Every structure is written in structure tokens, then in C-alpha cells.
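S.K.: So the protein sequences, as listed, match chains A and B. With positions in the first sequence counted from 1, the corresponding number in our numbering is that position plus 48. With positions in the second sequence counted from 1, the corresponding number in our numbering is that position plus 17.
These are computed hints drawn from the structure, not numbers from a lab. All of these numbers come straight from a predicted model, not from anything done at the bench. Keep in mind that a hint or two might mislead.
As the list claims (entries may be wrong) - Some chain B residues judged to face chain A by a derived CB distance under 8 Å, without partners named:
| no. | residue |
| --- | --- |
| 1 | L47 |
| 2 | L108 |
| 3 | L109 |
| 4 | L117 |
| 5 | L150 |
| 6 | R151 |
| 7 | F168 |
| 8 | S223 |
| 9 | L225 |
All residues carry an ideal CB built from backbone N, CA and C; glycine is no exception.
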Amino acid sequence: MDVALSKNGARLLRAFFAFVVVFLYAPIAILLIFSFNNSELPSFPLSGFTLHWYHQFLTNPDLKGALETSAIIAALSSVGAVVLGVLASIALTRRRFTGKAAVSALLLSPLVIPYVVFGISLLLLFHTLGIPRSILTVVIGHIVISLPYTILVLVPRLEQIDVSLEEAAYDLGASRLRTFRSITLPLILPAVVSAFLIAFTTSFDEYAVASFVVGTRATFPIFLYSALRFPSQLPQVIAVAVVVITVSLVVVVAAELGRRIAERRLGTLTGS
Amino acid sequence: MAHEAEAGVTPARVLHRKRWPPDLTTPGLLGLPLGWLAVFFVVPIVIVGAYGFGVASLNPGPHSFTLTGWHDFLHSSVYLGLFWKSVKMSLLVSASVVFLAYPLAYYLALSGTKRKYVLLLLLIAPFLTSYLLRVLAWKVILGDQGVFNTFLFWTGLRDPDHPLSQLLYSRFAVLLVLGYIWLPFVALPIFVSLESLDRRLLEAASDLGASRWQAFRRVTLPLSAPGIAAAFLFVFIPTIGEFVTPSLVGGTGGYMYGNQIVDLFGTGFPDWQTGSVLSLFLLGVVVLLTIAFARFLQVRQVTAG
Numbered sequence: 049m050d051v052a053l054s055k056n057g058a059r060l061l062r063a064f065f066a067f068v069v070v071f072l073y074a075p076i077a078i079l080l081i082f083s084f085n086n087s088e089l090p091s092f093p094l095s096g097f098t099l100h101w102y103h104q105f106l107t108n109p110d111l112k113g114a115l116e117t118s119a120i121i122a123a124l125s126s127v128g129a130v131v132l133g134v135l136a137s138i139a140l141t142r143r144r145f146t147g148k149a150a151v152s153a154l155l156l157s158p159l160v161i162p163y164v165v166f167g168i169s170l171l172l173l174f175h176t177l178g179i180p181r182s183i184l185t186v187v188i189g190h191i192v193i194s195l196p197y198t199i200l201v202l203v204p205r206l207e208q209i210d211v212s213l214e215e216a217a218y219d220l221g222a223s224r225l226r227t228f229r230s231i232t233l234p235l236i237l238p239a240v241v242s243a244f245l246i247a248f249t250t251s252f253d254e255y256a257v258a259s260f261v262v263g264t265r266a267t268f269p270i271f272l273y274s275a276l277r278f279p280s281q282l283p284q285v286i287a288v289a290v291v292v293i294t295v296s297l298v299v300v301v302a303a304e305l306g307r308r309i310a311e312r313r314l315g316t317l318t319g320s
Numbered sequence: 018m019a020h021e022a023e024a025g026v027t028p029a030r031v032l033h034r035k036r037w038p039p040d041l042t043t044p045g046l047l048g049l050p051l052g053w054l055a056v057f058f059v060v061p062i063v064i065v066g067a068y069g070f071g072v073a074s075l076n077p078g079p080h081s082f083t084l085t086g087w088h089d090f091l092h093s094s095v096y097l098g099l100f101w102k103s104v105k106m107s108l109l110v111s112a113s114v115v116f117l118a119y120p121l122a123y124y125l126a127l128s129g130t131k132r133k134y135v136l137l138l139l140l141i142a143p144f145l146t147s148y149l150l151r152v153l154a155w156k157v158i159l160g161d162q163g164v165f166n167t168f169l170f171w172t173g174l175r176d177p178d179h180p181l182s183q184l185l186y187s188r189f190a191v192l193l194v195l196g197y198i199w200l201p202f203v204a205l206p207i208f209v210s211l212e213s214l215d216r217r218l219l220e221a222a223s224d225l226g227a228s229r230w231q232a233f234r235r236v237t238l239p240l241s242a243p244g245i246a247a248a249f250l251f252v253f254i255p256t257i258g259e260f261v262t263p264s265l266v267g268g269t270g271g272y273m274y275g276n277q278i279v280d281l282f283g284t285g286f287p288d289w290q291t292g293s294v295l296s297l298f299l300l301g302v303v304v305l306l307t308i309a310f311a312r313f314l315q316v317r318q319v320t321a322g
């Protein structure tokens, strides 16, 4: 006898699970269907197949500009967050110092701050310093938001690695930098890649903080938000939505598979 | 872990170990991340504090420390009422999604299904796609001329002159969309706590004559309580300050505390002092909650799986 679930209980839970999965994916499926619908208004009955909306958004210069801006911001902020995250994670896992609990609490605290409060805080900072809002001000905010996520990914990986590998390199005369480059970095590379991906997607999708510190060049979420207010833009925004959601679902699955494979391979290498 | 290995090493190695890790470089490692957070995270909050207590102001001229902003806030039925409304909405969303996600996590962790990680990914994947676009999907579905209503007209279930008009731009819409957004995510911490449950405890309970329900109530549920608490807070903390979803689907009925803060800093009638007071109050509530429940918030649960 199974102690956790009866046969009927398992059947019931499986049905409930399937129901929730349908609930989660149905809105996405509806977007997919209506992205091909030949009508200005996403409503029933369906009025024929068209690729018009996809064509329209591909030739929309505002949208292209917004995607570009977001890509630049996401690239800069994710590199920044990963660099800061690697430095902080090494300190947290390889160094002993007083106040470590307080330091790690501070490093992780952006996780819990309400974004509306953080956005306004940054706005007031830049206002006080007289710094005009631009791509860089968004990058600054996104690095703060992404930093704790990179640490949460990197620290467990650093803890898995056998410290004696680093010590051996150091004993054999490698400098600290060399040790990091030849031993530590290759071993934590899968975690660095997933930290980078998490920071990139966090930034690419971030609206709340960006809405306070964005300059004249709209990011993709800012563009979406304003497009949502104009019904005429709705069909092409739906088409964009389908593309973006599909791409992100593919990236998620690929990243997860990649991480599993890489960690399995490195796991046999380091014996962990 | 370095200190676990230290017991059996020779004195020479201990000396060596003192050079590696060399403590000297700790400031070098931490300087940049902590400096970044100090300048772009801590100082900005201090500036909000300065505005909230009247030390800084939008108006030119001299200003000094004052508590009028706080006095007005604490005696304003509008702001406090809005705060409680947001607390209630946020509580309702958090409790509902935890209640719904628990059986999902239970099924994945304890039914013995071989594909549990695939199913977990299936469940969580929507959370990892664009937030705004998931809100957009519901805007398309819920509107007066939206997918749901026109489907009802089309099938004759509803008269086109009388659409279900409370679906969009209402408190209901905000609750539904927030629930939809957070449901996949809360399954994760609950799954992690159930996954680490020692099944032998359940077998022992069963051997001692407990029914499945008793074993669940006396063993599984208490042991998964930290996961439940973490899941609850992971939703409650971000939704209480939410302003994006209410501004897109909430109308006036779904207007939340976060929207009020945004509007106080908006272009219409900016009142940075009151806005700062509202921000600091929200921040204070969230910080207190985080500290009170810190032992449940083992953030590593976020990265597992």
C-alpha cells in the first residue's frame, strides 16, 4: 500500500494537475489562436487566417527600437550583475569575515523590496544628483535587482566544488587570478551561464522599476505597456506576445536541459 | 566546506591554509558588490526617508525635519483604507494560490511519478515567460468584447447587449490575474519541502495504525509548514506593493496601494512627501514581515529543482 496516496487519491490529484496545467496554458493558447485571426478585434467568431499582424510588427520601427533597447540593457545589466555576483559569492563561500550574515542579508535584500518603492527611490536618487534618465539609469537599477538571483545560483555551485582543487593549483604556484581562471571559473561555468540567463531575462521583462527611471528610449516592456492602451495596436502586440512567449519557453527548457547535462558531466569530474 | 576538512591536516598545511584563503582580498571581493548596493540601493532609500521626513522637498526654499507627512498619513482614511484593501487582496491571492498549489506539489513529490521534474518544469515554465504578456492575455480574454464574452454571444449563452462587464477593470480581474501569475511559482517551495520529507516517517505512521489522512495531518502537513510559509510570503511580499497589474486590468475597483504611490509621484499633482511616507510605510511592513518569517525564507528553496 502506498502510504502517501491511495489509488483514487492519485487519480484525483492527477486530474487536478491536468486541469491546472490547462488553466495555465489556455490563455497562451488563446493568444496563439488570435494572433492568426483576421480581425482588428480579438473576439469570437474567428474570421479567417492571416499573417498580417506578424508582418505588421516585424515592420514596426518603434517595436524594433524597443527590442533593441531592451537587449542592450539586458546585456549590460546581466554582465554587471554576474560580475558582482561572482565576486560576492566567492567572498561568501571562500572567505571568513565578521558580519557575514549581515552582508549576505544586504546582498539578498533587493529580493524583497517592493519594486514600486525601489523604482521611486532610484528616481529620487537620480533627481537629487541631477543625473538625466537614460539607458544607463535602467541598467543601474536592473543590476541591483538581478544581483541576488545570480548569488542564489552561484553560491550552491561554489559550495559543491572541492576547495582542495583550488588549493592544489595555488600550491603549485598559480596566482589567485590564475587559479580562478583555470580552476574555479571552468567549474562554476554552468552556474555562471544560468545566472547570466536569469539576469538577462529578469532585465528584459522588467517593467516596474524601469518605468520610473527610463529615458526617452522605451524598453520592450515599456513599449508593450503603452501599446496595451491603444486598441489599434492590440493585434500586433498579440503576435509579438506569441513570439516572445514561445522563445522564452524554448529558452527555459533548453537552459534547464543544458544545466542538467553540464552538471552531470562536471559532477563526474569533481566527484560531487 | 573548508572547515570540515581541517581536522586531519598537518601543521604545514594549516599554515598554508592561512594564505589560502587570504583574508586580505575579502574587501577586494566585497567592495564592488557592497559599494554598488550602498550607492544604488541604500542611499536611494535614505533619500526617500529624507523626503518623507521633510528634510528634502520638491519645493524650493528652506525645509526642516517634520512629521506632518506621517501625521497626515496615519489620520487619512483614504491611504490607510487603501492599504488595508491591498493587504486583504494580497492575502486572498496568497492564500488561494498556496491552497491550490499544495495538492500540485504533493502530487509531484509523493505520488511516485517518474516524470516529476518534467511535470514540475511544465508547471513552472509559464512563470518564466513575460509578466506583462500574461496580463495582456487576460485583458484579451476578459474584456466586454473580449474572447470570453464574445464566445458566450457566439454560442448564444449570453445576449450581446448584456456582456459580463465586471470581468475586466475590477477587483476580480486583479485577483484572478495575480493568482494566475503566481500559482506556478508557489508550487516550487512547497515541492521542495515535500520532496525532502522522509517517507519512512509516513510508513512508520501507517505501521502504527494511522490512516492516510491522519498521517497527512500529523506528519506531512506539519513537516511541510516551512514550505507553505515560504510560498505564502513569496507571493504576499511582491503582491502587496503591486501596481502594474491593477493599472492594466483593475480599473477603479482594483486600484491598490501601489497605484496610489505611483500617482503621488506622477505628473498630475505630485506630492513627493506623502508619496515617500507611503513608500516608507510599505517598506517597513515588508521588512518586518521578512524578519519575522526569516527562518522560513530559506531562499535556497528558490533555486532548487
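S.K.: If a hint holds in the structure, say so; if it doesn't, say that too.
M.R.: Here's how the hints hold up against the structure:
1. L47: 5 Å, holds
2. L108: 16 Å, violated
3. L109: Given a least distance of 18 Å, the restraint on L109(B) is violated.
4. L117: 7 Å, holds
5. L150: 4 Å, holds
6. R151: Constraint on R151(B) satisfied, holds at 7 Å.
7. F168: Nearest chain A Cβ about 5 Å off; hint holds.
8. S223: This interface hint holds because 5 Å falls under the 8 Å limit.
9. L225: 11 Å, violated
The structure is inconsistent with the numbered hints 2, 3 and 9, although it conforms to all the rest.
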